[in-house]
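Enquirer: For this one, chain G is given, so just place chain R on it according to the hints.
Protein chains in written order, with my numbering: chain G, 1 to 262; chain R, 1001 to 1065.
By construction, these hints were calculated from the structure, which means they are not laboratory data.
Check before you lean on any hint, since a few could be wrong.
Result set (EDC-like, lysine to aspartate or glutamate): computed pairs, CA atoms no more than 20 Å apart in a straight line [what the hints assert, rightly or not]: (1) 1044/R <-> 88/G; (2) 1030/R <-> 57/G; (3) 126/G <-> 177/G.
Some chain R residues flagged as far from chain G (calculated, every beta-carbon gap over 10 Å) [said to hold, decoys possible]: (4) 1001; (5) 1002; (6) 1014; (7) 1015; (8) 1019; (9) 1029.
Using N, Cα and C, we set each Cβ at its ideal position, and we do this for glycine too.
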Amino acid sequence: MLDIYGELFKSRLLLGTAQYSSPATLRQAVEASSAEIVTVSLRRESARMRAGQGFWELIEDLGVRVLPNTAGCRTAKEAVATAEMARELFGTPWIKLEVIANDDTLQPELFGLVEAATALVAEGFKVLPYTTEDLSAAEKLAAAGCNVLMPWASPIGSARGLINRDGLKSLRAYFPETTLIVDAGIGAPSQAAEAMELGYDAVLLNTAVAKAGDPVKMAQAFASAIEAGRLGFEAGLIEPRDMASPSTPVAGTPFFKIDRVS
Amino acid sequence: MQILVNGEPFATDARTLAELCTMLGFAQAKVATAVNGSFVASAKREATPLAPKDEVEIVAPRQGG
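In isolation and in its complexed conformation, chain G is listed as follows (with noise of 0.2 Å):
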């Protein structure tokens, strides 16, 4: 089970509900991907379009928990001032955290990102802190308090899936008991198995499924391969080897001769 804050949950997807081409293909692209958590935003609600009151209304329909996000926040005082926002919009202590550096890479700004996750445990948040695989950064996350660690996999919407494996298995080896979410980055149904093969507690997604020609048969093949991967990193996966190995047993090999082994 996926354990966020002591809290277990099923499905290892977490689903982000943005782009989808329209509120309806969203909810069913939810219920495809049997994921119990999604994420969410806020963003400045206009008096006149009130988009954000129906948008609401679809969510609380579908019966799943939301983990709001602080996308697009520069500083850690923005963040913190979101997440603040966040909580009380949506009822959860849990919050996304995003403070991002770059506009071409949407990477995280790391010392913003320590700042705010510092300031928010404080207050009494569960910090899902959207970071890099750096493992300085990630220690003084965890020593800020985060229980749960979101790693990119490449950036955000780029659809390149895991950019720095190695980077990623040595964080997976590093933090042996903190919940590790791979978040950014997956394009595919093999990458986001590849990630949980590595041993990632889960994966979080969105751009993938709701920019998919058909998304909600896409978050039925994202569902299938995070179990699959689940599946393989708990039976035990077989170490690469460089020369082949027969899988046939040699022993009585009919027209075996020894004089042509080489």
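Expert: Okay, now just chain R, sitting in the frame of chain G:
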């Protein structure tokens, strides 16, 4: 007086954040607020006076990744 609401110039005679929210039709809406970069809880909106050039943020749930 002139303030900023969600980044846009806005002329209002609202004395408090609660009054402003009511004037904008947000009294019962699912919104959260901040003034000059700091969160203001809904229970504190009435006790939060507004001054010229204040920067008010009024946010609501939205799709997110």
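Enquirer: All hints, please: hold or fail.
Expert: Hint check results:
Pair hint residue 1044/R plus residue 88/G holds up; C-alpha atoms about 12 Å apart against a cutoff of 20 Å. At most 20 Å may separate the alpha-carbon atoms for a hinted pair to count; residue 1030/R and residue 57/G meet this at roughly 10 Å. For the proposed pair residue 126/G and residue 177/G, the alpha carbon gap of about 17 Å is at most 20 Å, so the pair holds. Separation of residue 1001/R from chain G is adequate, the least Cβ-Cβ distance of about 18 Å exceeding the 10 Å criterion.
Non-interface call for residue 1002/R relative to chain G: holds, since the shortest CB-CB distance, roughly 17 Å, exceeds 10 Å. Distance to chain G confirms residue 1014/R as a non-interface residue, since its nearest Cβ pair spans about 13 Å, more than 10 Å. With 10 Å as the threshold on Cβ separation, the claim that residue 1015/R sits away from chain G holds: the shortest Cβ distance comes to roughly 19 Å. With a closest Cβ-Cβ approach of about 14 Å to chain G, residue 1019/R is found to remain outside the 10 Å limit, as its non-interface label requires.
In this structure residue 1029/R is not separated from chain G by more than 10 Å, as the shortest Cβ-Cβ distance comes to only about 6 Å.
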